[in-house]
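> For reference, the chains in residue letters:
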Amino acid sequence: MYEGAVQDLIDELGRLPGVGPKSAQRIAFHLLATDDQEVKRLVDALTEVKLRVQFCALCGNVAEAERCRVCLDPRRSDDVICVVEEPKDVVAIERTREFRGRYHVLGGAINPIENVGPDDLRISELLARLADGTVQEVILATDPNVEGEATATYLSRLMAHMGITVSRLASGLPVGGDLEYADEVTLGRAFEGRRVIGNDK
Amino acid sequence: MYVSHLSLLDFRSYASADVELEPGVNAFVGRNGRGKTNLVEAIGYVATLGSHRVATDAPLIRSGADRAVVRTRIVRGDRASTVELEITQGKANRARINRGQAVRARDVLGVLRTVLFAPEDLSLVKGEPDGRRRFMDQLLVLMMPRVSAVLSEYERVLRQRSALLKSARASRRSGGSSRAESAAAELATLDVWDARLAELGAEILSLRIQLVDALRPAVAAAYEQVSDADGDAEIAYRSSLPALSAGNPPELSTGPGDNFADVGHLRDLLLEALVTARPQELERGVSLVGPHRDDLVLTLGGLPAKGYASHGESWSFALALRLASFRLLGGDPQNSADSPAFWDPDLGTDADPVLILDDVFAELDVRRRQRLGDLVLPARQVLVTAAVAEDIPAALEGVRFHVEPGTVTRD
Ligand SMILES: Nc1ncnc2c1ncn2[C@@H]1O[C@H](COP(=O)(O)OP(=O)(O)O)[C@@H](O)[C@H]1O
Ligand SMILES: [Mg+2]
Ligand SMILES: [Zn+2]
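Chains A and B supply the protein sequences, listed in that same order.
The opening position of the first sequence corresponds to residue 268 in the working numbering, with each subsequent residue numbered one higher.
The opening position of the second sequence corresponds to residue 64 in the working numbering, with each subsequent residue numbered one higher.
Calculated directly from the structure, the hints in this document are not laboratory data.
All values reported here derive from a predicted model rather than from experimental measurement.
Every residue, glycine too, gets a C-beta built ideally from N, C-alpha and C.
Take the hints with a grain of salt, since some may be wrong.
To be verified - Which chain A residues face chain B? A few, computed with CB under 8 Å, are given here:
no., residue
1, Ile377
2, Pro379
3, Ala417
Based on the sequences and whatever the hints tell you, model everything.
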């Protein structure tokens with residue numbers, strides 16, 4: 268244990284995802300040794316992000332206004348929605364330049380071990396977006412792991428009788444992995460080769 | 064195939080070690096606690112990504128070090144490959160094949176095949192079903208490395224499903240209408256997990272049933288050979304599926320015309336059983352249906368080996384299971400059934416696994432020693448450990464190594 272302020276910083280850093288106690292300690296001492304200007308930039312960035320950035324009221328992506336850039340872009344098609352787990356997956360798919368529709372960010376995947384059920388995800392918001400009949404296809408782009416597959420299956424069952432084409436990214440993505448780590452070419456191909464898993468039109 | 068070189072860095076008691084091995088018999092001799100098992104454990108680890116002694120990797124790293132490296136050179140036919148594994152505490156292992164790019168550890172499965180027999184194997188006969196399930200699953204992975212992905216996915220689905228059952232049980236117990244509502248939503252996802260459990264479970268079940276069928280005659284033959292007695296050693300797969308477990312051992316055998324091993328059929332049976340078991344599963348908060356509840360039943364003259372067999376008979380049975388595995392992996396046409404699941408395009412090209420006998424001879428009387436020696440002699444490579452050289456049967460001539468703490472020297 269260290270003196271008050273240092274230990275507080277270590278504790279706070281340790282709460283961040285992917286940061287263990289050892290890394291928290293290393294980062295804390297790095298910050299202590301960093302000059303004030305640099306630390307101030309970090310503090311400002313943190314303050315700004317909490318002030319300016321919010322989640323898009325429609326799709327759940329990060330946004331600097333009520334709606335995100337993708338939802339505001341008039342050149343994009345409204346007939347197809349790509350469903351992803353996290354905002355970072357939007358970034359990954361945007362890099363492929365394969366997709367011109369809209370997104371829907373669930374905010375995670377069904378994961379009973381972590382106590383995440385369907386009610387904790389933005390699923391009712393998704394169903395609401397499908398209600399007016401504009402959307403023709405939903406692409407399920409959850410992660411290619413056990414939890415992502417379960418979420419995709421659950422959603423495809425929910426949408427089974429809505430007259431919408433439901434498709435899933437083609438396999439070829441590294442199984443057990445994370446969408447964000449797939450390279451652009453692989454992810455692009457998975458998009459092109461997506462297979463329809465539900466279509467009752 | 065055989066291992067021509069083993070080098071260790073901070074593995075178990077070895078800070079560093081380099082050992083040149085030969086085809087045929089290699090014997091490691093040294094007093095107890097000198098590090099003999101550590102050597103063969105490292106080789107077994109390269110083949111199975113697990114130790115035969117411990118369930119976690121931490122004890123494999125030399126105390127004080129933060130990672131261990133095992134490098135092996137494996138000769139198969141006229142080709143040699145190197146496999147390097149880095150075992151790091153609390154992190155995923157890293158692997159390299161032929162000094163190339165780092166790959167997932169799982170990708171090295173299949174390069175080296177070993178069959179290891181050790182005193183711990185007595186628990187195959189006397190212990191709980193989980194050891195026998197591991198025996199079947201490990202053998203399947205050695206035969207078909209892709210099975211390792213199926214097994215770990217099944218494991219993950221099972222953990223998720225069990226967590227869901229537990230939380231559903233907890234919210235049912237605590238009552239309250241809002242809780243009951245969220246429990247209902249959670250339960251809607253149970254169907255999704257059931258579907259996945261049935262799909263993966265059916266695949267595992269089918270493979271195990273076929274494996275046991277292929278292994279059955281080899282086990283009976285090996286038992287007779289090691290014990291020199293007409294012991295009538297039988298193995299049978301016992302499933303938690305009511306539809307499959309009617310009748311007496313051998314409960315399951317696949318003959319022409321039946322569909323016990325058909326994946327689609329098994330999936331339907333699993334789904335059916337899940338429906339029946341659901342109230343009970345919700346009541347208890349555990350997953351009651353699937354290959355994780357199954358067992359490999361061992362019988363000797365019609366009686367269960369566990370609880371009935373003598374110490375010597377239990378030893379012979381455990382040894383017979385390993386010898387039968389060895390023959391199945393080597394593709395001995397007499398023993399490997401013509402089951403298409405186990406068709407291996409590489410068979411015949413020096414597929415014989417490396418046979419490891421860790422501290423086995425000390426447990427056997429002189430006659431059994433000799434018989435075992437004669438049985439393993441034809442193997443492409445046999446690695447033997449013993450505290451005293453006299454325990455090793457004379458037939459197993461070959462290279463001798465002397466093991467002292469931290470060092471291995473060739474005699
Ligand atoms: N992680 C470890 N770090 C250091 N020493 C270890 C480690 N694991 C085991 N050992 C040592 O290795 C020795 C046992 O080696 P082992 O190969 O089992 O002996 P044997 O020659 O009887 O087969 C013991 O002295 C034990 O303390
Ligand atoms: Mg030993
Ligand atoms: Zn948006």
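> Would you pick out the hints that fail for this structure and give their numbers low to high?
Going through the list in order, the structure violates no hint and respects every one.
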